[in-house]
Structures are given as structure tokens and as C-alpha cells.
Amino acid sequence: MSRKLLAATTALVCAGALPALADCPVKVGVLHSLSGTMAISETTLKDTMEMLVDQQNEKGGLLGCEIEAVVVDPASDWPLFAEKARELLTVQEVDVIFGSWTSVSRKSALPVLEELNGLMFYPVQYEGEESSKNVFYTGAAPNQQAIPATDYFLEELGVEKFALLGTDYVYPRTTNNILEAYLQDKGIAAEDIFVNYTPFGHSDWSKIVADVVALGADGKKVGVISTINGDANVGFYKELAAAGISADDIPVVAFSVGEEELAGLDTSNLVGHLAAWNYFQSAESEANDAWVAAWKARMGEDRVTNDPMEAHYIGFNMWINAATAAGTTDVDAVREAMYGQEFPNLTGGTAVMLPNHHLAKPVLIGEIQADGQFDIISQTEEVPGDAWTDFLPESAVLKSDWAELGCGMYNTETSSCVQIKSNY
Amino acid sequence: MADTALPAPRRPFVARYPSVLIFIGLLAVFTVAVTVLAEGFGIGVVSTSFVKTLGKTLCLCLVALAMDLVWGYCGILSLGHMAFFGIGGYAIGMWLMYARTEIIVTESLAAAPLPPTAQEISDGIATQIFGVVGASEFPPIWTFAHSLPLQLLAVVLVPGLIALVFGWLAFRSRVTGVYLSILTQAMTLALALYLFQNDSGLRGNNGLSGLQNLPGMDDVPQATISIVFFWASALALGLGYIVCAWVVSGKFGSVIRAIRDDEARVRFLGYSVEAYKLFIFTFSAVLAAIAGALYYPQAGIINPAEIAPIASIYLAVWVAIGGRGRLYGAVIGAAFVSLLSTWFTGGQAPDVNLGFYTVQWVDWWTILLGLSFVCVTLFAPRGMGGLIDVIIERRSPDRHGADLGPEPGALQEKEADR
Amino acid sequence: MMTYLLRVLACLFICAAIPAPAHAQDQAAPVQQVLQAHGEVIIKSSRRTIGPTIDALGASGLPEAQTVLQRWQDKEMWFERETGLFVFAQEQDDGQLMLFDVSDGAEIGLADKKAYKQLKPNSGIRGLIAAALVQFQLNAPALEERLVAVNSIERDADPSHLEALRGAIENEPDAALKARKLRLERLLTIRFAQDDAERITAIESFSGDLGVDLRAALNPLVATRIDAGAEVPEGARVIEAGSEQLSREDAHAILVEKGLARPQISRDALRAALIENIEGDAVAGIRVATLDTDDARTGAYAALVEAGLADPLVSDADITEALQAVQFYEVFTGAPVSVAQAAQIALDDIETRVALSQTADLALDGLSLASIYFLAAIGLAITFGVMGVINMAHGEFIMMGAYTGYVVQLFVPDYTLSILLAIPLAFAVTFGAGVAMERLVIRWLYHRPLETLLATFGVSIALQQLAKNIFGTQARPLTAPGWLDGSWVINDIISISYIRIAIFVLALLFLGLFLFVMKRTRLGLEVRAVTQNPRMAASMGINPDKINMLTFGFGSGIAGIAGVAIGLYAKVTSEMGSDYIVQSFMTVVVGGVGNIWGTLLGATMVGFLQKGIEWMNPSNTLAAQTYMILFIILFIQFRPRGIIALKGRAAEA
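Chains as they are written, first to last, in our numbering: chain H, 20 to 443; chain P, 1141 to 1558; chain S, 6 to 658.
Each hint should be verified, as a subset may be incorrect.
[As the list claims (entries may be wrong)] Counterexamples of contact, computed for chain H against chain S with all Cβ distances above 12 Å:
id : residue
1  : Y171
2  : A200
3  : A236
4  : D285
5  : D349
6  : T431
[Claimed, not checked] In the EDC-like style, the derived pairs of lysine to aspartate or glutamate whose C-alpha atoms are separated by at most 16 Å in a straight line are:
id : chain 1 : residue 1 : chain 2 : residue 2
7  : H       : K440      : P       : E1260
8  : H       : K239      : H       : E179
9  : H       : K239      : S       : E168
10 : S       : K49       : H       : D308
11 : S       : K119      : H       : D420
In short, the hints are calculated from the structure, not lab data. It should be emphasised that the depicted structure is a prediction, and the values quoted were computed from it without experimental measurement. Don't be surprised by glycine CBs; every beta carbon is placed ideally from N, CA and C.
All chains, please: the whole structure from these sequences, using the hints.
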């Protein structure tokens, strides 16, 4: 409390006495791939950041300075994320970085951020099991997306048998591990959980879909939890539709399918299948209406908004508020000011930044509609993000608290900090 | 007759190959210049990230050298050499990760009420390393990861053995030309797919990360580490260049060039073509692996995407643009294209406004690269190295028809037709 | 002043009057009363709690209950935020709502959307509503409604449906639906009937059937549970602890669970016990610093036990003793023994046929994958197999074809017509691209095959990036016409989507086309002549330049059509070509260069092999691809010229 007060006082003094203390312009690094495989998703986020920066400049910038977006292209090449992050921090001397999509790109940039004490906002839902002093995770942790969606399957749809389908990489692997442990906790037998991993961009889905249908042979209701990534979804949903699997028979909930991904599909056969996110374009709030309108005005009528965009929206605005409160863009000062920052999210509630660098956000479950949008059928209260899942024995004892404990990997059993740096 | 023809007095190796001397000289000057300008021990004009880029570029030059040896000199277009490069990186990366994690785990367990058992330490390390990919046990492939000397040995031995077995099988069956290219491409694809699997035990798609943090050297700034690695890379490249120049000189070099130009004739002359090819293939694989082992600690992360077939094709592109069949050509090509690529993707290249359309280099650079590659193949088969020919006014013999090899004096179409 | 005030008043009155509904809601209507009684639960909208509400509506006997349930299910029911009253509503274009009364459907009038909130029952609730609606729909006059009822019983049956269904069979006029109802009645009998004999008869009546629904009805009946006790109850099967069915550990765990044995002390528990008893720097007199091996810890624990500070470890002998004290047996938990046994017999009977069907399905999948590989490779079989040109941009020609299909669909909204247009257009576009590439690049490099590889690779990355610049990086939709939707279902296990059948047919057509062109036309003759000996062919009056150009164009054109087909079943992205290029080359090389039958065999081998490996390891498709490629590498090492090797002079060319 007193620390906050002190920070606020310092901020006031600084703001009053030395308005031009910060180097103008304030530089915001944008570390999203503009070419290569991930450009599909990440280009949108670069555009989002440019829009946010423009909007903020119209409002008068930050600390009396114009904000400048420094865009680099790590080209979906993971080592380049480390290289470009270093370049942004040491050569361009940016004050903050907004970037990364895949876990591996984040893990690539992490050591550099920690070494140079940079600050990054990471906007995508991820597998958790990580906490870095220098990263704010504005996307969903597993307990903000996967667990509530699984609860929805168990409680609302009465699913008794689960097919966990995923692309073979870290996010699906870890998420499915957590879910397996969680489901067994909930009394689902191990043999009632079918797990399958496919390569990126997989297109031959007939056998896997047949396997899923065959799961229904013992009379239990089957549900699919999909962590299938990117374009592979197109073939998967086409095969589902061809096999005539309706959402009433075998519901599919996806964690990586949003409005952007559905743009590559004819959704008329997929109506009723589900996705879980913290944001859908169809959310009803005035802030969202304005946001969608601004996006469409800038990028074109046929463009859609999605969850990681909202994450950047919240992250950027929180950073602006934190920097204003701290009166400086200095990383340590801003980080202190970030804890407890509140900002209205686009779905009508308020997002809060927690000391573990995660947000408290509501979880939304939407049904796919024929027009490629989602109909929100369930919305929870704000769920605080949890860096270390409670459902795996090794991480259940860990906790992250940068405000009080100053440690991202604190073992509550031995009451000691395992490591200050993050595990990459 | 034999006693009258005294062997010509052998001049020193470097005297016969002045290009080696020039190259080593230039490399030394460059290294000293970078050291002086860098942050580590110099005046700090060149940023650490650029030193890293330069160090990595030197490693890429080394692997290009290996590629030139196998393709430019021996005529084997291997589309799988980046696989060896990657294996080298993985081998060293395993030790780096293990040793770094071991320090963290030992420190953290020291706080526990009971002293840890060996098993607990090992479990702790495994959980730290594999926790992110949802596993917590050491796969057998990590057996030697605790030992630096053994992993260094693996850097050389594993790629060497793979190349030896693969090459022996392929050359024995007389798989040549484009078939061999496709086969090597399949090899690197299989390896990449294997590593992509989580079950491979090398952390799947995530690969090994945080490699720039050397174990036990947390207090040494990256500025120093980067310059040390830069020196190591320069040294490796210099030595690699000398060894390659020595290999391609003399009789051995003549034989492998002859194999490139007409394999059948060499075989009829009684040479064991397969043995020569196998040696070059394996040797270049080892060279590539050493380059990889130096590259990835500078890049910081290695993952299967690095081994994907496209990487090896790019390697061939560098060599072709630089100029095949001359060692300095490979170095020039690798350095030029990879640095240019860094510049264009870095967003520093200014947009070109054509009035009706603004060319953004991020979007158009790849197209430019692709087309320039077509042009080099069509119009300048000798690549950028050909420019040096023009400068020193070296002429190739005036023969007819299109040449079949890149080197002056290579067999040409009119002669080769049967 | 007065007039002004009056005006204001009038204005206020009018303003207030406009949103006032034309027809006031009937708050006292019985159905509204029922809804209000459950208002909170309905608004909360959770499957867990909604059951009584739906039952209450269904059992209310009100004639409008069916409509209310149906419109609720269709997400047409809203409630007023302030009063909590339920209405039917339709959204207007201007963002307002048209309201209707829940009791009689009468129009109430327009209202502001913000004052109301839509009820969005999730699919679990919709299923419950559908189950409740069955009673109204099963005997409805409209066939569609009866179909909906049967569908919802099939999906989510409830014991009460059995009687309802039995009553609705007799009068069913539609023969097909009647057959379905009869089958469904037997299934429900198996699941819910009280009389065992009746159930057994129903089970036996299904002999020869292998439907998933039947297995879904039978499998729960044969569920078993392993239990332990002093005596074995009747109808249970005795099993030995330590046998394959029940390991010693599992048996011990059962006993622990029943409180008949003490649990084993785990390593963690042992450690915890030691930590608990640390006194100063020692545990039970043993120095803590020495406890860094398991043996030392066990020793220290033993000392603790001796001191009476911890429970003793459970020894092997203890376990044996505990296991011998009881008997383990397996009992059926799903049904009475006689029914369960009948079900078990029926399931065993089904099992072999299921396995056979699964094999057949796998074979169909393999065939389908083979035809996709063949389709992707056939263009390459021409350019690489016949002409010997390594075209790394082949994958990008496939991509160009797919994008052509996408562009055509932008202009021609009718999917059937657009596909019919897209196929020749894709051929034309890629034929043109192929000819251009041959003229500009490849013809200069016929004698330098390795360099063709590199030059065409340059073209490939340039084309890929160009596609990204034009179409963006997001996947684009290419939608199959309606008549290709769905799949051909032979039984519940064997089925294949029509789109895959279409690809298979297309592959066959191309094979025929290729053979026809090569063997029966002038062009084919000339192509073969030029391939075998260009000089001789030239002296016979054939223009080799022209033939090379046409052949390359032909191969590229076929790749374009393959692109349309592949785009229909998978995705259209700028990178789709690179997914197929390595596989295509391997298909051609494995099959044997220069022979279309070889390519066919190669594709078949690769397709079946991949499916076979996938079957062996169903949880990891990536492994299947890896091992398939390794196999191909080995195969080529031992048969470098492929399955069908050309012999003689042609092989040397």
C-alpha cells in the first residue's frame, strides 16, 4: 500500500516538475511475424498495435510524448525472436514490447527480456507453467479457458468420454496433460480419454474422425476438445461436416479457433460446435461496438476481431495507465504500477492485473453460427489467471507472486523460491 | 623415364593457394575490427545483437563451405546438410540445458530440509526441462547430457555416423544426381518430423532454448559472451577454410572434381568413386555439425523447424549465389544473402513508393530473393565469385556449348554428349 | 408560454406513448405463471438445474407449453430485464425487438433491445427440451415433427420414452420412419425394459447388426466391477490376485480402499515423516546430512518406527497375507446376470465383424489417401517422370489451381457451376504458368538438372510469397457443391466422404487421360519420341521445343486441377503446395520414374503404408509420417530405380 502511495507521489512530483523527463517519442516495439507460417495470425496483431498507438496519439500520447510503434519482422523463425527482441531493446531502445504468438517464440525471447530487463506483453492463450518477471500474460492461462470449457462439457453437455485432439506442440501437449489430470480428478476413467496429436497443417482427417465416432460405441456421450492449430482446422471441420457429425451428437470445443480461422471455412455445417475464449466479436458492450467499428473502418468491412486483439487492447491500455501512474516508462516502475491495474474489457466486465502477471478475465463459450460469428451462450465471472496449474502434482505446489514474494516459481511446500528467472 | 622426371619442388601450400592467405588475412582484419568496435572489449559502436548476427553469419559461412565442398567440388547436391548442422546444435544444446538446469535445481534443493538424493536431483532437472512439454522423465537420448566432453564428442560423432551410414547406403546403390538430392531431402524431412514429436525426447516443437546463457556464467555479460563466440566462430571458419582448401588441392581434389564432371570415367580409371564421395560427404557433415554447435549457443534456441528441408535448400541457394566450386564463393554467398535477409526483414529497408503501390520489403523481399536466384542460375552460373574472375581477368577456356559444371575447365555440353 | 408548456407536455406524452406496447403482456396467463415460478432457474440456464422446470412445463398440460418449449429451444424467448417477464421476440434490422406474448403469440409491439435479454439455452438444455417435446411430437401430424422426435430419442433417450414410442408405432404411416421406430423400440427395450426375458429377446433380435447405437446399448450392460470379500456372491466370477487381470498392486489397492489393508508408505510419505521428526540436525539419532540416499532414508525411517514415531512399512508378506484373507471376484454391474450374458454373447459376435469392417474402413482411407497422393503426383509424373525436369514449383502450381477455384467462387456463387468452371480455368491458368516457366527458365537448363531444381525452387518461393501478397496469409474457403457434402455410409463403421470418392474418381480419370494422351494421340507419340531421343525426333520433323513446352504445360495444368480437388477437401493457403511437394517426389521416385503405373503403385504404397502405421499408433499421426519417410528412404536405397524400373536405353536417358 505504502509502496503504491510512494509511487503515486513520485509520479505526481515527476509529472509536475519534469514533464519532459521521458525520452520522446515513447517507443513501443511490435514483435509479431509478418512473414512465414505465423503471419496468418500475427499480422492482425501488428495492425491492432498500430491502431492502438494511433488512437492513443490522438488522445495526446503518453507523458506528453508522441508514441511510436517500432515494427520488426521475426519471420516465424524462432531464433529471430531472440535476435529481434535484443535489437528492439538495445538498438531501438523501446520502452515496451508487444509480441509473440507461439509458445516457442516466447520462450526464445524470454532469456533476452530477462537479461536486459525488458517488458513484454504476450497476448495469446497459452499453456501456463511459466512465470517471468518481464512478461505480462494478457491471454488466457489454462484455468481461464481449458478448465472452464471442460467443466462446461461435464456439467452442461453431460459428456462422459473425451477425445483430446491437438497439434503436436507444446500448448496442446501441456493443456491436454492438465486436462487429463483434471478429468481423472473428476472421475473420468483413463480409458475414456482418447488423445491424438497431428502435425501442423495436417489435412487427412478421415481416420481420426472415424476413431472419434467409434468412441461412442460404449454408450457414453463423446465430446471433442480440440487444440488443433491454424489451417489444420479447415480440413478437420470439413471432415466433421462430411461425416455428418452434428454438435448435438459429438460436440467439439476448440481453443484455437476464433473468428479469423472461421473466415477460411463454410460454417453452415458447423453450427453449434463450440469455442472457448475470453472474447468474441459478438460480445455485447458499447466499448466492443466502438472497437469493432474502429477496426472495420481501418481495415475493411470484412475483417473480424478476435481474442488476442482484445488481449492487446487491454494490455496496451493498462500499460499506458501504469506508465501514466508511474510517471515514467522505466520498466521496474511500470511493472510495480501494473499490479492491480484495472481496465474495462470489451465483454462488459473489468480486467485486473494480478501479481502473477496474469489477468482476471471472464470465460466465454460460444456456438459457431452460420455467418462465421459466435453466439455467446455462457459467460462466467472474472476468473483469475493461474500461472501454475493446480492439477499437475509438480506444479500444484508452485505459485507466482511478483508483488509480494518477488518470485515467479515459489514452492509453497518448502517456502522457497525455485528460481528467479523463468524456465525456458 | 621415371628417374629423369624429378618431382617438381613442392612449394608451401599457402603459396600455391594465395586465396587462402588472402581469405585468412581478411578474416583476421574483420575479427579485429569487430572486436574493437563491439561492446565486449571495444568501444561499443557495434551492438551486441549485431555481434551475435555476425558470429552466426560466420557459422553459416562455415556450413556453406561444407556445402560447397560436397556440391561445388564433388557434385553431390545434398539437400540435407542443415540436418547435420542442427544435430550439432542439439548435441551442444543438451549439455547447455542440462548443466544450466542442474545448477538451478541443486540450489533450490539445497534449501530442502533433507539433503537431496541423486534421484531427486535428476527428477528435478527432468521436471524443469520437460515440464514445459508435459513430461517429467529423462529419455534415454539424454544419457550423456551431463558431460560436456561426451556431448562435444557427440557433436562430431553423431552426424558423422549418420552421414557415413546414409552415404554408404546411397552411394553403394549408385543413387546419384537428383535422386540423391530428393533422398537427402527426405532424410532431413524425416529427422525434422521425428524431432517435432514430443516423444522424441528433445522437447518437440519447443526445442532447446535459453542456450545463450552459459551454465555458471550468469555474471558474465552477453556482450562478452557474444564476442568470445564470435572469435570461436571466426577461428572455426578460418581453420575450416584451410582444411577445405587443403582437401580440394592436390590429387585428392582433382579426383573429386573429376567425379563431379564425369563419375563413370573416373570409375573406369579405377578409382573407388564411392569411397571418395563417402569421405567428402561425411567430412562435410562433420564440418556442418561443428558450425551448428557454434551457431545455436549464439542463436539461443534450436528447434526442429531449423532442420526443415527448406533450410537446406536455402543453403544451396547461398552457395549458388556466391559461386560454386570456389571456397570463397560459398563464404561470400552465405554472408551476403543472410545479412541482406536480416536487413530486409528487420524493417530497416525503406519502403519504395511507386505512386500506385508502395513496395514494402517485408512482403517483397522473398520474391526478390526467389527471382534473383532464378537469374543467377540462368545468367551467372558462377555466381558472385564470377565477378572476381572478371576483376582478375581469369578466362575460362574457349569451348563450345553450355558448361556442365561451374568451374572453368569443366566438361562442356559438346564433349559430354554421347 | 402556455402553448410552449403544452407542446412540451404533448411531446412528452407522445414520447412516452411510442414505446408503450400496443398489446399489453398478459402477466396472469398460466404459462407465464409457470415460467415465472421457475424464472430464476430459466435465466440462470444450466442443464444441472433446469430439469424440473422443463418437466413442469411439459407436465403442465397447457396447450401452449409445446410452443413455449420450441421457441425457447430456438433461442426466440427473451425476458425483460426489469420485470423478469418472458416474451417471444424477433430482432429487427434497426436493432429493435418485435415482441410477442408467450401465452397466445399475439404481437405486443416494438421495444428497445437493451431492456430485454435473450435466453440462450446451451445444447445440453436444448437436448432436455427436445426430450420433453417428444411426447408432443411423436404422434404429430407433420412427418418432420415426428422425425425430430425420433432423432431426439436416438440422441438422448429417457426411460419414459419407451412407452411413448411403443404407443406411436402402430399408427405410423411413413414406412421408413416406422422401421426406424421399430428398431429404436428394440434398442430402448434393451436399455430400459423391466422384464429380463423381454430384454434378452430384444438383444437376440439384433443378430448380425453392428450399429454404433446397438453397441452403445449393449456395452453398458456388460460393465463389470472387481470386488473383494470373504465370500463370492452368486453369478460372480472368481479371479486370482496376481493374475493378468488383476495385479497384486491393484488387488492391494482394492483392499486399501475397503479398509481391509494398510496402504504402502510412499517415498514422499517416508520423506515427510523424516522431515517431521527432525530434531536439531538429526532424525532418530541419524545425522540429516547423511540422508542423501534412499537406503539411508529407509534406515532412518526404520529407526523412527522402532522409536514408535512412525507407522511400519508394509512388507511383501503383509500384502500376501492380506490378499489371501479374501477372495476377489468380478460382478456385472450394468444388468442382471442373464441379460448381461446375452449382451456379452451378442457383443462377442459383433466384435469380429467390427474388426473386419474397421479393416475395410482403413483400406478405404488408405485408398483415398493414395488417390490424393496420386493426384498431387501425376503432374509431376509427367514433368519429372517423362521429361526429367525437377520442378520444385509443382506444389505452387497446385496452389495456383486451388486459388483459381477460390477466385471463381468469388464471382460465381453457385457451387456446382463454379467448380465446373474452376476445373478448366485452373487447367488453363497453370498450363499458361507452366508454359511460361518452361520457355523462360527450364529450357535453358535441360542439361543441368540440378540447376533446374534450384531455379524452380526460386520460382517456388517467389510464387508462394506472391500468393501471400495477393490473397493474404489467412486460409481461403473453397466450398464443395452440396451434392458432394456428406459421406457414403456402408455401415456404422465403413464410410467415406463423397468428396474423397470424387477425388478417387478424378484420379482414375486422370490416369485414363494420361494413358490416352500418351498412347493414343499424336502428341503422346511425339512426346515419347522426344523423350527417348530428341535429336532423332527432330530429324523426323518433330519440333522438340514445342513438344517440351506442351508436355510441361500439360503436366502443370493437371497439377492445377489437382489443386482444385485438394482445396475442396482440405485448405487453400499459400503454403499448401509445400505440404505435397516432397511426398509427390517420393511417390514418383518410389514408383519408378517414367512410368505412370509406377506412380500409381508408389502412391498406393505410400497411402496404405501411412494408414497402416497410423493404425498401429493411433495417438500420434506425426510418427506415422516419420516412419513412412524412413521406410521410403530405405526402400530407395535398395531399389534405387523404384518399383517399376525402366530397363535398357530409356533408363540411361
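Right, here's what the structure says about each hint:
Separation of Y171 (chain H) from chain S is inadequate, the least Cβ-Cβ distance of about 8 Å not exceeding the 12 Å criterion. Its beta-carbon lying about 17 Å from the closest one in chain S, A200 (chain H) satisfies the requirement of being farther than 12 Å from that chain. Non-interface call for A236 (chain H) relative to chain S: violated, since the shortest CB-CB distance, roughly 4 Å, does not exceed 12 Å. With a least beta-carbon separation of about 4 Å from chain S, D285 (chain H) fails to lie farther than 12 Å from that chain, contradicting its non-interface assignment.
At the 12 Å boundary, the C-beta of D349 (chain H) stays outside the reach of chain S, the nearest C-beta of that chain being 36 Å off. Remark: the non-interface label on T431 (chain H) is consistent with the geometry, its nearest Cβ contact in chain S lying 15 Å away (cut-off 12 Å). A threshold of 16 Å between alpha carbons decides the hint, and for K440 (chain H) with E1260 (chain P) the separation of about 21 Å lies outside it, so the pair is violated. For a cut-off of 16 Å, the pair hint linking K239 (chain H) to E179 (chain H) stands: about 6 Å separates their Cα positions.
For a cut-off of 16 Å, the pair hint linking K239 (chain H) to E168 (chain S) is broken: about 23 Å separates their Cα positions. Distance hint between K49 (chain S) and D308 (chain H) is unfulfilled; the C-alpha atoms sit about 25 Å from each other, more than 16 Å. Of the pairs offered as hints, the one joining K119 (chain S) and D420 (chain H) is violated, with about 41 Å between alpha carbons and a cut-off of 16 Å exceeded.
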